[in-house]
Structure formats: C-alpha cells, structure tokens
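Chains as they are written, first to last, in this note's numbering: chain W, 1 to 346; chain A, 1 to 346.
A portion of the hints provided could be inaccurate.
No copy labels: a pair is met if it fits in one copy or bridges any two.
Derived BS3-like pairs: lysine-lysine, alpha-carbon spacing no greater than 25 Å straight-line [as the list claims (entries may be wrong)]:
hint	residue 1	residue 2
1	Lys175	Lys315
2	Lys293	Lys140
3	Lys42	Lys130
4	Lys97	Lys334
5	Lys16	Lys140
6	Lys310	Lys91
7	Lys18	Lys140
8	Lys195	Lys175
9	Lys315	Lys334
10	Lys175	Lys97
To be clear, the hints were calculated from the coordinates, so they are not data collected in a lab.
Protein chains: 2
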Amino acid sequence: MRRILALAEGRFSPLKSKTANGAIVYLPNEVVAVVDSTKAGKTAQEVLGYGGNIPVVASLEEGFAFHPTDLLIGIAPTGGRLPEVWREWIKTAMRNKLNILSGLHTILSDDEELVQIAKENNVTITDWRKVPIEYEVVSKGNYRTRRAKTILTVGADCNIGKMTTMLEVYKVFRKRGLNSDFIGTGQTGIMISGKGIAVDAIISDYIAGSIEKCIDSSNAEGYDYIFVEGQGALTHQGYSGVTLGLMHGTMPDAMIMCVQPTRTHDDYGLPIPDLNRLIRLHEEVINIFRPTKVVGIGINSVGLTDEQSKVEAKKIEDNTGLPAIDAFRFGGEKLADALIQYLGRK
Amino acid sequence: MRRILALAEGRFSPLKSKTANGAIVYLPNEVVAVVDSTKAGKTAQEVLGYGGNIPVVASLEEGFAFHPTDLLIGIAPTGGRLPEVWREWIKTAMRNKLNILSGLHTILSDDEELVQIAKENNVTITDWRKVPIEYEVVSKGNYRTRRAKTILTVGADCNIGKMTTMLEVYKVFRKRGLNSDFIGTGQTGIMISGKGIAVDAIISDYIAGSIEKCIDSSNAEGYDYIFVEGQGALTHQGYSGVTLGLMHGTMPDAMIMCVQPTRTHDDYGLPIPDLNRLIRLHEEVINIFRPTKVVGIGINSVGLTDEQSKVEAKKIEDNTGLPAIDAFRFGGEKLADALIQYLGRK
Chain W
1 MRRILALAEG RFSPLKSKTA NGAIVYLPNE VVAVVDSTKA GKTAQEVLGY GGNIPVVASL
61 EEGFAFHPTD LLIGIAPTGG RLPEVWREWI KTAMRNKLNI LSGLHTILSD DEELVQIAKE
121 NNVTITDWRK VPIEYEVVSK GNYRTRRAKT ILTVGADCNI GKMTTMLEVY KVFRKRGLNS
181 DFIGTGQTGI MISGKGIAVD AIISDYIAGS IEKCIDSSNA EGYDYIFVEG QGALTHQGYS
241 GVTLGLMHGT MPDAMIMCVQ PTRTHDDYGL PIPDLNRLIR LHEEVINIFR PTKVVGIGIN
301 SVGLTDEQSK VEAKKIEDNT GLPAIDAFRF GGEKLADALI QYLGRK
Chain A
1 MRRILALAEG RFSPLKSKTA NGAIVYLPNE VVAVVDSTKA GKTAQEVLGY GGNIPVVASL
61 EEGFAFHPTD LLIGIAPTGG RLPEVWREWI KTAMRNKLNI LSGLHTILSD DEELVQIAKE
121 NNVTITDWRK VPIEYEVVSK GNYRTRRAKT ILTVGADCNI GKMTTMLEVY KVFRKRGLNS
181 DFIGTGQTGI MISGKGIAVD AIISDYIAGS IEKCIDSSNA EGYDYIFVEG QGALTHQGYS
241 GVTLGLMHGT MPDAMIMCVQ PTRTHDDYGL PIPDLNRLIR LHEEVINIFR PTKVVGIGIN
301 SVGLTDEQSK VEAKKIEDNT GLPAIDAFRF GGEKLADALI QYLGRK
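If we strip away everything but chain W, and leave its shape as in the complex, we get:
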C-alpha cells in the first residue's frame, strides 16, 4: 500500500492545497501526514473540516517518521516555476527513498539532476502533467462502436466541483455493484484514479484523441459505465477549447452540470450564463453528433449552510426540471438515480 506524505507548506487550507485535499478526501487510507510548518500540530479535520486525524507536521523530516513511500507535491508554486527550496525538499525526499508524485507544470522527470538522484535511490518520479507520446493521437470517432456508457461532468465555470461531483456519483455506482470506471483529466483526478490524461497539457490537435484513447482502454477492459472528469468550461474564455475537445473525445451518453449558486461572475469578471441556456448549449454541441442530455445538476454550496444548500437546490430543480444536489455534502445517490434512469431508458 502506498503511504503518501503530502507537501503543502504554507498553504494547507480548504482553497489553497487542491491536490493535497483531493488525496485526503479520496485516498484517506493512503495519506499518512501533511507537511505545513504553519499548521503543524493540527489535524486535517481541524484545517479543512474533513480528513479526520491525518496529522500536520512541521517538516519533511517529521513526516518521514510516518514511514511514507511517496511524497505528493500537494500545492502549486506561485508564478509557476519550481522554487529552489521545493527542489531541495524533493531531493531530500528521494534520498530518503520516497517516490515523487507531481502535478506541476514543471516536468520533474525532464530535470537531469532530479532524474539522476531518483536513479541512485531507486525511486520513481511521476509527472501527471507529462503526457505520454502515445496519447498524441487524433480522435477516431470510436464512440460509435463503444459498448460502455460514458458520463461527463460539465460546468458553469472552472473550479466549480466537476471532479468532486463525478467522484461522488462514481462511488454510488460502485457501491451498487455497477461495473464502473473513473478517468481523471487533471492531476488530482489522475492521482485518485491512477488513470487518465492531463488534457490541459496536451497539444491541441490531440485533446479529443487522447481522452478517447483512455476511454477505449477502459471500454476494452469491460466496464459498463465510464465516468470522465470534466475540465474547464465551454463558456470559459481561456479554457473552452480544452472543454470542447474533452466533450467530443468523450461524446458522453449523459452529462451532469455543475454550478455554484453563490458565484455570479467568473475569473474574467463575466457573468455566469443562464443555466437553462448553458444546458441547451452543452447538449447541442453533442447532439450535432449523437443524442445526449444533461440529466442532473451538481451543486457546489461552499459558504452555504446545509439548509441554504437545499433551498438553492430546490430553486434549481424548479428552474430546470432536473434533480439538483450538493453531492459532496449529501452524497451522489440522487444524481446516480437520475443517470441510471436516463441511461436505462436509452
């Protein structure tokens, strides 16, 4: 069993350590400790509101006491370049026989010094953002002969709960004995599932082809339901191309739309579009090729009470005629029911 030490120095918090937090929620048996000297002595539960007794420690060396096998880079550096001190931590971890797990844009396994140290210590460096060359393929349109059903989350904006919603629904499918797979499309999703592709890091000609190849593998393994983690947003000025390529590589049988009721404007200061208009647009870009529908709404109710979240869900249900719920807070059952009903009907 992998034992993960999650590096989140200076940033361990609900919003600033997304990858570490994803590991804590979805790989709770693997994370043995979190490194953040500013929060040392607390537990994950105390810092995040979830994560139970996973301890926060002050240094790598304190973390080594928990016998980790892997160091997870659980935060992204400000400015995008790898800070010198992180580099030293990574080297120290490898010299202490820890594998490195990284979703950084800086590809660690392209760094000669780091590769040399990994070799000397017989440890591995995993770069989730490094796309293997065999995924640089143009889509073939294989959805036409695929046996499995594919389900994709889409959203009204970036960073709105697409991965989390998908994972919660996927968990329900598994619990119900449905033969289901999950394909990650960003570093956290890939870390959790152990499979997938960083679609935002691939050359643009290959967006659809790379995810299609992942789905083809999963289909060949015999899964009945393939859940694909959504990325970006069709209505996000910066990343819409990634999203549409992912949508057309997946050609989903069904979609879940993710929204945050309290978010009125996106990163660009642009208003979040009308929800029914968004749903129609997402359906139309697939319907040009094949039938599909948005069958439920995943709500991100950060900052709301449970009661407020339910009120918002009710409003959205009345507005769209679709089931709506915060699956992270209340579980994925309602959305799973909607999917099963819809996919069973097809």
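Let chain W serve as the given structure and place chain A on it in line with the hints.
For chain A alone, kept in the frame of chain W given last:
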C-alpha cells in the same frame, strides 16, 4: 525579395501539395520553381490550373539555377516522420545557402545536425509549427477593450476553404484602402502573411491566449480590421477544441461560414450538419460572451462549373438569407460588402 523553391516531390497536384499551392496562389512573385521529378517540364498552370508559368523542375539542383533564397517544404510526409531523403535535400539546400521554410510537425530547428549545418552556412530554419514560448499564455479576455474589428472564418468541416476565403476578402479590404491585417493560424497562412501562430500545435490551455496575443499585437499596430484564418471545425470530432479555442481567443465581431455544397460527409463519414443549425451554433458560442453574426457564406466549388457554383450559391442564399459566393473563383467583393455593411451597422 525572397525567392522560394517549393519542394513537392512526387505530390505536386491540386490536392496533395497544399502549402506549395498556397505559396503559388498568394506569393506568386516569390515562387521561382517547384521541384517534382514526376511533373518536370510542366508549369504550375498545367498541373494546378493556376500559377502561370512557374516551372516544375526535376531536382533540387535544377531548381538552384533559378537562384532561390529559400527552400519551402511544400508537402507533408506520409506517416508524419521526416523521410531520410528529404533530410538530405534539406541539408543540400542549406549547403547551397538556402534558408529552410517548414510547416512540418517534425521541428527541424530542434535537430542538432540540421542546426549545425544552418549555422555553418549562415542560413535560417523557420518552423511554422514551433510555437514560441511567449505564446504559451492563457487568454485575458482582451476582446473587451480591443479597438479593431475581428473577422474569423469558420466552416462546416476541415480543409474546406477557410484560409482561401479569408484571404480573398482581406485582399478586397486592402484594395479598398481599409487598414486591414491578416493573421495566419496554420503553416500556409503564416507563410503567406508572415505572422500568426500554429494553433493546432500549441498546448491546449493556451489556444485562446496565443491567438489573442497575436490579435493584441495587430490591434496595437493600429489596424482597423483583423482577419483571422479559421482552423478545424466546431463540429469536427477531432479538432473542435482547436476551433473553439480559436473562436474564443478571437471573439470575432463577424464570421464568414465556409461550406462545400458537394461534400455531404466529413472525414469520419459523418453527415455535414444542416447549415442553418451550424450558423446558430457558431453564433451561440460567441453570443454567450458578446454579439456576433455569421454575415456571409464562402463556397468551395471544387469540381463544379462556374454555372453550377452560382446555382449552389443561390440555393444557399435562399436557405440562409445570407450572401454566398465562391470567393476564390469570383472574388471576395460580395462577402466584403456584407462585412462592411454589418460592421458599419454595429
């Protein structure tokens, strides 16, 4: 003045030497000869139906007699890898003091041997598919403060006349004294205009940002109208992500839709969608952000007579209510008129 020797060995023809042909049409004063031993002795006009007296020669050496300054790789290798014999040709050309112009996926300027030979001979290697690192930027949403009007071609499929239509309309704008710029987004368009970015070769997070950066430069230079070459198709399973990223990086004030009346199915064997539905979809993905319209239809009437082309144009005009014409055959005036009328009205 650049004097181009266009390499099209074994492939010089209307359909198999796209980059060479683009140079012949749009840089007629620069192309001094075409190398294709299978067509040697003919003229471009005889092979393509255009291009006048540009001669086809049997070998590089015969081409050198025309005192070229640049060797243009005018075809793509089958299978994508650079054939050994082409490599020898490129080396021979550089040793004869020719610069190399390439739109290949294989980046020649990353090849140590070729770079060394270029250095020894004081010649340059231009790789249009190599995206400079400064274009790896996320879009900022600058369309909101842009002064210039942007015009983008979109299409019912790939390889349907988006670049050609745009260039014809751009030529009319220039002829009328309108202060207009043209930005290429594929190797041929970049070659012709001397500016632009290969959007299909950029990392997917940066599609919109890279083209926005090109437009920002052009806007800063004071152009009133910026024509952006379209790529792919919103309804093309493989490349739709590139197309949407390009659309959102451009955020066009107006679009021209390109169609080929005789084409009923795309590369994937999928039917070309209904034209009015296509127009609505293209408008909607921009209208989510800002007003825009498809204001005219560019027709690719390859294989049709002039008379048949006009009949098809009339049918499309009746069906869509928009002006339609084969601008390559009959000139860009009609579409230019439609653009000026629409952009003037805004």
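Against the structure, the hints come out as follows:
1. Lys175 x Lys315: neither (29 Å within a copy, 57 Å between copies)
2. Lys293 x Lys140: Only inside one copy: Lys293 and Lys140 sit 23 Å apart there, 31 Å across copies, limit 25 Å.
3. Lys42 x Lys130: Cα proximity of Lys42 and Lys130: none, with 34 Å in one copy and 49 Å across.
4. Lys97 x Lys334: Result: close neither inside a copy nor across copies, 44 Å intra and 70 Å inter.
5. Lys16 x Lys140: This pair counts as between: shortest inter-copy Cα distance 22 Å, intra-copy 38 Å.
6. Lys310 x Lys91: For Lys310 and Lys91, neither the intra-copy (48 Å) nor the inter-copy (70 Å) Cα distance is at most 25 Å.
7. Lys18 x Lys140: Answer is between: at 23 Å across copies they meet the 25 Å cutoff, but 33 Å inside does not.
8. Lys195 x Lys175: Only inside one copy: Lys195 and Lys175 sit 20 Å apart there, 55 Å across copies, limit 25 Å.
9. Lys315 x Lys334: For Lys315 and Lys334, only the intra-copy Cα distance (16 Å) is at most 25 Å; the inter-copy one is 50 Å.
10. Lys175 x Lys97: neither (36 Å within a copy, 69 Å between copies)
When each numbered hint is compared with the structure, violations occur for hints 1, 3, 4, 6, 10.
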